[in-house]
Amino acid sequence: MKRIIVLLILAAAVVLPEQVSAQNMDSVMRYRRSSLYSFMISHPDKKMDSEIVGAYMALETPDKYNNHDLSVKCITSDSKKEDLQAEVEDFFQRNQVAKRLVSKWFLRNKENGGFDASLVMERGLYDASAIDVESAAQTKRGVDALADKGYDLISNTFVIVNDITYVDHEANADKASGIMSIIGAVATAVTGDENNIVTSLTTLGSMVSSMIAGFAVNTTSYLYQLDWTDSVANYFYEHYYYDRPGTDSASLAAFSSDTLIPMKRAAYEADTTLFKLKYVGSYKARSDNPVLRGLYNPEDVFRKVCARAIDKNVMNLQKEFDQFKVKVPISTVNGKTVTAKIGMKEGVTAQSKFEVLMPVFNAETGKFTYTRKGVLRPDGKSIWDNRYMASEEQAMGSELNATTFKVVTDLGIEPGMLIREIK
Amino acid sequence: MCLGAFLAPAALSAQTMIPFEQGGKWGYKNAQGEVIVEAKYAEASSAVDGYGLVARESDDDVLMWGVVTSDGAEALPLDYVYVDLCNEGIVAVYRGPVDDDSLYFDDGLWWFVDLADPGRDMGPRYSVVGPFVDGVAWVGSSFSKPVKRQMRVMPILDKKGKPTGEENIIFGVSQSFMLEDMFIPDDSGKVVIPDGEWTLVDRDGKAVTDPDRAYEAVGMFEDGLAWVKRGGLFGFINQQGEEVIPVIYPMVQDAPGSHPAALLMRPENGAVRWVMNGDGKTAWLNEKGEVVIDFTDSDGRVSVFDKVDESMWDY
Chain A
1 MKRIIVLLIL
11 AAAVVLPEQV
21 SAQNMDSVMR
31 YRRSSLYSFM
41 ISHPDKKMDS
51 EIVGAYMALE
61 TPDKYNNHDL
71 SVKCITSDSK
81 KEDLQAEVED
91 FFQRNQVAKR
101 LVSKWFLRNK
111 ENGGFDASLV
121 MERGLYDASA
131 IDVESAAQTK
141 RGVDALADKG
151 YDLISNTFVI
161 VNDITYVDHE
171 ANADKASGIM
181 SIIGAVATAV
191 TGDENNIVTS
201 LTTLGSMVSS
211 MIAGFAVNTT
221 SYLYQLDWTD
231 SVANYFYEHY
241 YYDRPGTDSA
251 SLAAFSSDTL
261 IPMKRAAYEA
271 DTTLFKLKYV
281 GSYKARSDNP
291 VLRGLYNPED
301 VFRKVCARAI
311 DKNVMNLQKE
321 FDQFKVKVPI
331 STVNGKTVTA
341 KIGMKEGVTA
351 QSKFEVLMPV
361 FNAETGKFTY
371 TRKGVLRPDG
381 KSIWDNRYMA
391 SEEQAMGSEL
401 NATTFKVVTD
411 LGIEPGMLIR
421 EIK
Chain B
1 MCLGAFLAPA
11 ALSAQTMIPF
21 EQGGKWGYKN
31 AQGEVIVEAK
41 YAEASSAVDG
51 YGLVARESDD
61 DVLMWGVVTS
71 DGAEALPLDY
81 VYVDLCNEGI
91 VAVYRGPVDD
101 DSLYFDDGLW
111 WFVDLADPGR
121 DMGPRYSVVG
131 PFVDGVAWVG
141 SSFSKPVKRQ
151 MRVMPILDKK
161 GKPTGEENII
171 FGVSQSFMLE
181 DMFIPDDSGK
191 VVIPDGEWTL
201 VDRDGKAVTD
211 PDRAYEAVGM
221 FEDGLAWVKR
231 GGLFGFINQQ
241 GEEVIPVIYP
251 MVQDAPGSHP
261 AALLMRPENG
271 AVRWVMNGDG
281 KTAWLNEKGE
291 VVIDFTDSDG
301 RVSVFDKVDE
311 SMWDY
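Just so you know, the protein sequences line up as chains A and B, in that order. Last residue of the first sequence: number 423 in my numbering, and the count goes up by one each step with no gaps. Last residue of the second sequence: number 315 in my numbering, and the count goes up by one each step with no gaps.
There is no bait here: all hints are sound.
Restraint-style ranges between C-beta atoms, simulated for each label pair:
#  : chain 1 : residue 1 : chain 2 : residue 2 : range
1  : A       : 110       : B       : 121       : 50 to 56 Å
2  : B       : 211       : A       : 332       : 55 to 61 Å
3  : A       : 321       : B       : 307       : 26 to 32 Å
4  : B       : 289       : A       : 239       : 39 to 45 Å
5  : B       : 296       : A       : 371       : 51 to 57 Å
6  : A       : 231       : B       : 189       : 52 to 58 Å
7  : B       : 270       : A       : 320       : 38 to 44 Å
8  : B       : 246       : A       : 422       : 54 to 60 Å
9  : B       : 49        : A       : 332       : 29 to 35 Å
10 : A       : 401       : B       : 121       : 42 to 48 Å
11 : B       : 270       : A       : 335       : 47 to 53 Å
Hints were generated in silico from the structure; no laboratory data involved. Ideal Cβ positions, reconstructed from N, Cα and C, are used throughout, including at glycine.
All chains should be built: construct the whole structure from the sequences, respecting the hints.
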């Protein structure tokens, strides 16, 4: 019964898109999102490290991904090596990061080791029939169903490790100083009075910006994907999964008396080989010069530079690796134009090209396939600038809330269908 | 003399007060380009919450500052040496000396004015005040060294890092605001606020923390908690002035000289801060003072070559 209900809901959202409510469309989008755990490597032996860590910790998970962060968000390295891939992978293995990501998917309780499928249900639209699913989850069949439907979700779990280093060379300071000297000269020329408040304020500005105007970072982003295959999933459900107990005395008593649970728990905790992260690729780039308009203090600048640098790397990783590409639902269709909430942060330019996809659920495999329903190109004059703090910068396009696309090919494009960039 | 030329020009289209210059004077237009405040001021800032900071030249060529609203009314007469920290409908006003280069203010007094009721008594005057955030503000006095309270500005560069010739006067308060933003950095670029006597006050000017047990140093509230220092030791208070994490620790998160937080706690743990005890061990406590992670040798940062303490992982 559960499977039928879930499939009906998915069918309503996918096959009859013109009837999709905004709420259902959001649900579809949530389901389509990959999950992301990101953390940074800091370099305490280098300048500005505290500022960079502070800025990084203030950033949120990119909004096109489900937040799958673990508590450890910053590790350190004093290595002189530029490529830390081997060290990162050793860190994953030593700290069983892949297994912790699985534990988070099933909200594992550290006290009793029990699992809880509510996050899988929530991200997988299972919440639509929550009562039915919750009861099913208590049974073997319910767990098997999770093995089917959870595959798409859990296998699209990614880890990005951002190795961020301060670009420390004299040119930065010289550049900042030079910039402010020019401003000072302009101010004096305009006012003709070196002692007036304009010059004074400009001098103050120089003090601020000599610290920050040249702030730049190099960021290497390593991308990994959770290796969640059918065999891994089946082994997990078969040998490790057990529900955490309820709070009622009967449930607690049943939990305590189940002799299999201690064995499953011990086996899960001892397992150091089943769960793995596979390397996808990396991207390295230097941050762009910050636009200081709309920024209030140096912390704003550090955050903006770091956020833009990471977004730039994420965007390039998306372009490079298909499995990491975001799929965004179409918001509106109006004749030969459509809109979608994707923009410059995701690398949309006038030269970009997108395919329109209709997800089709295969009940046999428990997985989604995609049928192309059209091709789009962005309207170069209506590209949404959704980059970090673009509004504060008053950047062109930041006043929009979606990008407008021109329809190149239309095989039945409807709101709620998904778009994905193609080359 | 036209500071306006160095201010940010167009504000966001969503903003209804956009500074404009005409005949060397400044006023405001709305998003449709219609004049809503006549260009009659010597200076005009970007608007904050429907208020614009404006200035006139006094008879002795000194700028006097006040506040206008989007209908052109002067919510605060242009009678103050400076006005700043506009937030929650309240501004801080200053009267007193300005240094020779107009860089900073010292030896004068600051106090609060409610823009909706400028005549309302909002309590005493202080050497320094912070902004109102969630209905409370820090006020400071009796500093161990002179404090140089600066006029807050940010230069504007274009996308290529070149100067636009513009500069923003900062009138509002961003989420990232820190008390250090108000003071002039030293030669190294760092701001060190000397110890003083800080008290938390509410919108009526009443003390929320005990003025007889004032704090030597304080931080801004974030997630309902602010670090405080008394007797050389640190703790955290909430916005009701309660010391929810006792003031007994040699170092705590966000205090000057502390390392940044490196752990991300589950939301259900509440607002969590790290504290370090006299043995150099670190614990993580929530806004109720409850232990989330007990004292451990790790400070939350771990080398890529190490194994993270199991207590640091949430899963």
